[in-house]
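With the hints as extra help, turn the sequences into a complete structure.
Going down the list, the sequences are from chains A and B. With numbering that gives the first Met the number 0 applied, the first sequence has no gaps in its numbers, which climb one by one up to 278 at the end. With numbering that gives the first Met the number 0 applied, the second sequence has no gaps in its numbers, which climb one by one up to 300 at the end.
The set of hints was computed from the structure by calculation and includes no laboratory data. Predicted model, so just to flag it, every value in this text is computed and none were measured. Treat each hint with caution, since some may be false.
Which stretches of chain A does chain B cover? Using the computed rule of at least three CB atoms under 8 Å from a CB of chain B, they are [stated by the list, open to error]:
no., stretch
1, 28 to 38
2, 81 to 91
3, 113 to 124
4, 145 to 152
5, 162 to 169
6, 174 to 188
7, 241 to 253
Not close to chain A: a few residues of chain B, all C-beta gaps over 12 Å, as computed [said to hold, decoys possible]:
no., residue
8, Leu52
9, Phe70
10, Ser143
11, Phe145
12, Thr157
13, Glu185
14, Leu206
15, Gly236
16, Asp242
17, Tyr253
A partial selection of chain A residues facing chain B, derived with a Cβ cut-off under 10 Å [as the list claims (entries may be wrong)]:
no., residue
18, Asn6
19, Phe43
20, Pro46
21, Glu130
22, Leu213
23, Ile218
24, Leu228
25, Gln233
26, Ile269
27, Leu272
A virtual CB, placed ideally from N, CA and C, is assigned to each residue, including glycine.
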Amino acid sequence: MSQARRNPLAVTAMHAILIAYTLIALFPVFEILINSFKTRRAIFREPLALPNAETFSTIGYQTVFQQGDFALYLQNSLIVTVASLFFILVYGAMAAFALAEYRFKGNMLMGLYLALGIMIPIRIGTVAILEMMVATGLVNTLWALILVYTAQGLPLAVFILSEFMRQVSDDLKNAGRVDGLSEYTIFFRLVLPLVRPALATVAVFNMIPIWNDLWFPLILAPSEETKTLTLGSQVFIGQFVTDWNAVLSALSMAILPALILYLIFSRQLIRGLTSGAVK
Amino acid sequence: MRGRWHIVVFLAPAVLVYTAVMIVPLFNTLRLALFTEVDQQRIFVGLQNFQTLFGDPRWSQSFWNALGNNFWFFFIHMLVQNPIGIMLAALLSHPRLRFAPFYRSAIFIPTILSFVIVGFAWKLILSPIWGIAPSMLDAVGLKSLFSPWLGKEGSALTTLALISVWQFVGIPMMLIYAALLTIPEEILEAAETEGITGLSAFWKIKLPLILPSIGIISILTFVGNFNAFDLIYAAQGALAGPDFSSDILGTFLYRTFFGFQLQLGDPHMGSAIATAMFVIILIGVCIYLFGIQTRIRRYQF
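Here it is, written out as structure tokens:
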């Protein structure tokens with residue numbers, strides 16, 4: 000081992016840099032959360048102090064619950080995210096299996112065609128997407144969002160999943176075929192359970208952008224009944240911009256679900272990002 | 000002999016949704032850019048919308064302003080986000096560094112937050128009314144440096160770009176970290192016996208080996224920046240103020256296509272702007288695929 004690797008001075012310096020950057024990353028989030036529980040006066044007098052018995056207040060949260068329909072927004076976000084992930088995973092895995100398993104004319108071309116969407120953002124087509132959704136009556140429905148996010152997620156999903164499906168052993172599939180299993184049974188019963196880690200990676204990659212998107216909810220589904228949490232909090236904060244208690248509380252409530260999802264899935268996410276799935 | 004129909008069944012759902020919701024609208028948008036609306040009739044006008052966009056000073060000024068701002072936005076990301084990401088990854092990948100998983104998870108937290116949260120949170124923190132930023136600068140004796148950065152024409156765009164860097168530094172950090180982990184220990188040990196350690200090992204051994212990953216994060220940053228919208232919209236509104244100084248292509252497209260205040264939305268001019276964005280992104284991706292990716296030597300271990 001080299002000296003540099005054990006040098007206590009170097010190690011201390013490394014920790015100092017990392018701690019400093021961690022503080023930069025967490026400080027704004029921390030500030031919003033603690034101030035959402037304070038009185039208006041305390042927010043301005045002592046912005047850096049933790050709430051205490053004297054300054055504690057939930058007036059902001061009361062305004063949020065009275066004025067905004069956050070339960071509905073949360074429900075919409077959950078429906079859109081879960082449904083989109085379901086379609087991305089099922090359709091993506093099916094297509095990936097077809098590309099990885101069978102040799103047929105145009106296999107390569109089909110793979111390239113599906114891969115186009117990895118680099119070209121779907122937002123470029125927004126004008127025509129809106130026209131299509133208006134024409135089919137899907138505008139201001141959650142289906143509009145689910146369809147768009149499914150189309151957006153499929154290219155990368157097919158790409159990652161077909162890489163993994165190539166690694167599934169042929170012996171297993173051929174044994175199934177000898178036993179007379181149909182191709183569908185082989186896919187759903189034998190192959191799909193084996194690529195579960197890859198499915199989880201794809202799900203986690205897609206979850207954050209879908210949950211946080213502002214563009215498509217704003218354009219395709221801005222009605223009160225279909226607002227997602229991201230759009231709902233944006234509109235709410237815009238209306239209550241001078242009511243600092245309400246704004247801070249609304250921000251905290253928008254942070255919370257994202258943080259909870261992250262705590263549940265962070266190990267999967269980090270494993271996915273570092274496993275080289277996106278190389 | 001079994002039929003081959005199952006291949007069609009497996010491919011059909013994905014191909015249909017992808018084609019109908021992504022590819023067809025993409026080409027339809029490019030096609031709509033060649034039309035305009037007169038008396039509620041859609042008529043073909045060829046390249047006239049592009050002539051307006053680049054020739055009419057009212058339009059071209061906004062377009063070049065948004066494009067220039069967008070390049071500055073990208074430049075700040077390349078100059079600040081990616082080097083910081085690489086540095087953090089290099090520190091985190093150090094063997095036997097304690098608390099590394101904690102740092103990694105904590106630094107990634109801003110990346111999972113929505114633009115709405117990030118935009119408003121920073122707007123509050125940098126607000127001269129609230130005073131967190133000025134009082135913190137005061138604590139280190141630099142209060143004179145404070146100004147309402149988001150409200151000034153000269154600094155709004157750079158401030159927003161830095162906020163975006165704050166949010167997304169986790170992504171280059173993770174991807175470079177992953178690349179650094181794949182470098183075999185034997186190579187580093189061989190370098191050590193030659194006396195190459197610490198910083199010089201990073202510059203001479205590790206950096207050349209992670210060049211392909213740096214190429215990937217660069218093109219990801221490019222595509223992400225040239226289709227950005229949400230942060231500017233959340234922090235500055237559709238007008239991308241003050242006086243359009245933080246206007247980028249995404250906000251320009253939104254205003255044109257959807258309308259704002261008194262201006263009516265114009266899907267055809269919107270399509271023309273979307274087409275311009277498509278061409279810019281395509282050029283970037285081609286430069287990456289043919290100019291950069293093929294020239295970087297990949298090492299297989």
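Annotated coverage of the stretch 113 to 124 of chain A by chain B, confirmed only when three residues or more have a Cβ within 8 Å: Held - the stretch 113 to 124 of chain A has 10 residues with a Cβ nearer than 8 Å to chain B, which meets the minimum of three.
So, Asn6(A) near chain B? Judge it on the closest CB pair being under 10 Å. Because about 8 Å separates Asn6(A) from the closest Cβ in chain B, which is inside the 10 Å limit, the hint holds.
Can we trust that Glu185(B) is non-interface, i.e. its beta-carbon lies farther than 12 Å from all of chain A? Fine: 14 Å to the nearest Cβ keeps Glu185(B) off the interface.
Close enough to count: is the Cβ of Gln233(A) nearer than 10 Å to one in chain B? At about 4 Å, which falls below the 10 Å cut-off, the nearest Cβ of chain B leaves the hint on Gln233(A) intact, so it holds.
Quick one: work out the minimum CB distance from Phe145(B) to chain A and report holds if it exceeds 12 Å, violated otherwise. holds, 14 Å
Assertion that chain B covers the stretch 162 to 169 of chain A - criterion: three or more residues, beta-carbon distance below 8 Å: violated (count 0)
Report holds or violated for the interface hint on Ile269(A), using the least CB-CB distance to chain B and a cut-off of 10 Å. holds, 7 Å
Exclusion check [Gly236(B) not at the chain A interface, CB over 12 Å]: violated, 8 Å
Taking the minimum C-beta separation from Tyr253(B) to chain A, is that value above 12 Å? violated, 8 Å
May I ask you to test the interface hint for Leu228(A) with respect to chain B, counting a Cβ-Cβ separation under 10 Å as satisfied? Nearest chain B Cβ about 8 Å off; hint holds.
Using a Cβ cutoff of 8 Å, are there at least 3 residues of the stretch 174 to 188 of chain A near chain B, or does the coverage claim fail? holds (count 4)
Are all C-beta atoms of chain A more than 12 Å from that of Leu206(B)? Given a closest Cβ separation of 16 Å, the condition holds.
In summary, the numbered hints that this structure violates are 5, 15, 17.
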